[in-house]
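Participant: Here is how the chains run, residue by residue.
4 protein chains.
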Amino acid sequence: MHQEIINLHPHPSSLDRDALLRCIDDCLDCAASCTACADACLGESDLPELVRCIRLNLDCADACDATGRIVTRQTAPDLRLIITMIEACAAACVACAEECERHAAHHEHCRVCAAVCRSCKQACDDLLATIV
Amino acid sequence: MHQEIINLHPHPSSLDRDALLRCIDDCLDCAASCTACADACLGESDLPELVRCIRLNLDCADACDATGRIVTRQTAPDLRLIITMIEACAAACVACAEECERHAAHHEHCRVCAAVCRSCKQACDDLLATIV
Amino acid sequence: MHQEIINLHPHPSSLDRDALLRCIDDCLDCAASCTACADACLGESDLPELVRCIRLNLDCADACDATGRIVTRQTAPDLRLIITMIEACAAACVACAEECERHAAHHEHCRVCAAVCRSCKQACDDLLATIV
Amino acid sequence: MHQEIINLHPHPSSLDRDALLRCIDDCLDCAASCTACADACLGESDLPELVRCIRLNLDCADACDATGRIVTRQTAPDLRLIITMIEACAAACVACAEECERHAAHHEHCRVCAAVCRSCKQACDDLLATIV
Chain S
172 MHQEIINLHP HPSSLDRDAL LRCIDDCLDC AASCTACADA CLGESDLPEL
222 VRCIRLNLDC ADACDATGRI VTRQTAPDLR LIITMIEACA AACVACAEEC
272 ERHAAHHEHC RVCAAVCRSC KQACDDLLAT IV
Chain F
172 MHQEIINLHP HPSSLDRDAL LRCIDDCLDC AASCTACADA CLGESDLPEL
222 VRCIRLNLDC ADACDATGRI VTRQTAPDLR LIITMIEACA AACVACAEEC
272 ERHAAHHEHC RVCAAVCRSC KQACDDLLAT IV
Chain W
172 MHQEIINLHP HPSSLDRDAL LRCIDDCLDC AASCTACADA CLGESDLPEL
222 VRCIRLNLDC ADACDATGRI VTRQTAPDLR LIITMIEACA AACVACAEEC
272 ERHAAHHEHC RVCAAVCRSC KQACDDLLAT IV
Chain R
172 MHQEIINLHP HPSSLDRDAL LRCIDDCLDC AASCTACADA CLGESDLPEL
222 VRCIRLNLDC ADACDATGRI VTRQTAPDLR LIITMIEACA AACVACAEEC
272 ERHAAHHEHC RVCAAVCRSC KQACDDLLAT IV
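Chains as they are written, first to last, in our numbering: chain S, 172 to 303; chain F, 172 to 303; chain W, 172 to 303; chain R, 172 to 303.
Bear in mind the hints are in silico, worked out from the structure with no lab data behind them. Computed from a prediction, not measured in an experiment: that's the story for all the values here. We treat Cβ as the ideally placed atom computed from N, Cα and C, and that holds for glycine. Hints are not guaranteed to be accurate.
As the list claims (entries may be wrong) - From chain W, some residues computed to sit far from chain F (all C-beta separations above 10 Å):
{"hint": "1", "residue": "Gln-174"}
{"hint": "2", "residue": "Asn-178"}
{"hint": "3", "residue": "Pro-183"}
{"hint": "4", "residue": "Arg-188"}
{"hint": "5", "residue": "Asp-189"}
{"hint": "6", "residue": "Arg-193"}
{"hint": "7", "residue": "Asp-196"}
{"hint": "8", "residue": "Asp-217"}
{"hint": "9", "residue": "Leu-218"}
{"hint": "10", "residue": "Arg-273"}
{"hint": "11", "residue": "Ala-275"}
{"hint": "12", "residue": "Ala-286"}
{"hint": "13", "residue": "Arg-289"}
{"hint": "14", "residue": "Asp-296"}
{"hint": "15", "residue": "Leu-299"}
{"hint": "16", "residue": "Ile-302"}
Said to hold, decoys possible - To give an idea of the interface, some chain W residues facing chain S are shown, with a C-beta separation under 10 Å as derived from the structure:
{"hint": "17", "residue": "Asp-210"}
{"hint": "18", "residue": "Ser-216"}
{"hint": "19", "residue": "Ile-225"}
{"hint": "20", "residue": "Leu-229"}
Here chain S stands alone, though its shape is the one from the complex (with noise of 0.2 Å):
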């Protein structure tokens, strides 16, 4: 139900609506899968292997959770603290999908997890192209 408040916003925000919509959800997505995704790990008997993977999960649902509160605010915003942001996303995201790619044979939550990634990347990308 969120799209459908941030659509009621009084003074909506110049950004393309969609790439817009796309990015927030696909950060709320990708916050809480590299949170389930870490969890799963912590619980795998190879953990030894997935440290890389815990660590970058964990920094991924935090950049992603920073980035989907800011981009979902419309009122009086700043350019470029957005665009670094989104900017600092994509990045995150980038870095935990290959790392879960790495596991993605032995583990389906890596596999499920590095495609919510991939595609939270794709629409950071795609928001920035809209703006820049």
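With chain S held as given, fit chains F, W and R onto it using these hints.
Facilitator: Just chains F, W and R now, kept in the frame of chain S:
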């Protein structure tokens, strides 16, 4: 896709699966809705009437965000921690819903946000009912 | 410096000032300590023994982060929301402290983190005692 | 005490220790300061003049919170992720400082918050200078 990752955990928690997934999804949606409603309120011409609404939106977003992360984790949970966190989340949702409802007639975003908060409160209660 | 800003609020909350500031500072320090302890645990050679410690560190960081933000706000508070949130934070601190203490003899970071969690739990209890 | 835990990491990161600890502390203080300044602004009688200040305070709090968590982690870091995140944090601090400075003559909390944001921006730049 985060639901799929949660279902791929090597040692799923013993919590009721449907109640858990609904609580997680409602927490994510409610956190994003409250962030968006606070921001929409900031753009309204009757802003001084909406001060308490903004404050409770911010609180509810923070409570739902933390609760969503915590209930997402299935590895080695502490039940008392989880129960008190869900109770705090439910209290935040009720407080925010009641305030949003006071503005529902004038602001569609408050009307929708109140409904999201009520739904999340119910999801918290339903998950608690399966635990205690 | 955030303490100074809190003291400059135009309508300070009626909560006990010393108890409030100590709770905020302890929540900030505990959130950062738990994030650092989870990360230090990830680097230890006996990582499989530390799975529950990492999980509770992550939960406690999230609970303290949200609670720190909520008790920082003084405008138009909802007391029930604040009380349940502080209770959840105290429960998270106890759970994390107990687990960290199990590893305190082998890991200095767990020993220090347990002390931070105990202090934050006490700060939560002390603030609650001034409210209820 | 979180500084002590960071120093007890079994495999400390290669980042400059002093610059790292200062950046972490400034991110924590700036996140809390921006949360408190947004809340103080909500209580002011000239609230409509402070809309942009509140919005940028919220953004800066989220950026500093995520950055503080990410730079706290020393296990298996991804440098590009860290660099872009610190850059986003610096951009958030500049945007928030500039807006807070516009209100510094009328609101002490904005004056103090601007100084905190400027300090955090410098800490980010100094840490970046040791990396790149």
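Participant: Please go over all the hints and tell whether each is borne out by the structure.
Facilitator: Hint by hint, here is what the structure shows:
1. Gln-174: 20 Å, holds
2. Asn-178: 19 Å, holds
3. Pro-183: Holds, because the least Cβ-Cβ distance between Pro-183 of chain W and chain F comes to about 14 Å, which exceeds 10 Å.
4. Arg-188: 19 Å, holds
5. Asp-189: For Asp-189 of chain W, whose nearest Cβ neighbour in chain F is about 22 Å away, the distance exceeds 10 Å, so it holds.
6. Arg-193: Holds, since 20 Å exceeds 10 Å.
7. Asp-196: 18 Å, holds
8. Asp-217: Nearest chain F Cβ is 16 Å from Asp-217 of chain W, so the label holds.
9. Leu-218: 13 Å, holds
10. Arg-273: The claim holds: Arg-273 of chain W sits with its nearest Cβ about 12 Å from chain F, beyond 10 Å.
11. Ala-275: Holds, since 18 Å exceeds 10 Å.
12. Ala-286: 19 Å, holds
13. Arg-289: 15 Å, holds
14. Asp-296: At about 13 Å from chain F, Asp-296 of chain W clears the 10 Å cut-off, so the statement holds.
15. Leu-299: It holds; Leu-299 of chain W is separated from chain F by about 12 Å at its closest Cβ, greater than 10 Å.
16. Ile-302: Answer for Ile-302 of chain W: holds, closest chain F Cβ roughly 14 Å.
17. Asp-210: 7 Å, holds
18. Ser-216: At about 9 Å, which falls below the 10 Å cut-off, the nearest Cβ of chain S leaves the hint on Ser-216 of chain W intact, so it holds.
19. Ile-225: 6 Å, holds
20. Leu-229: OK, holds: Leu-229 of chain W within 10 Å of chain S, min 8 Å.
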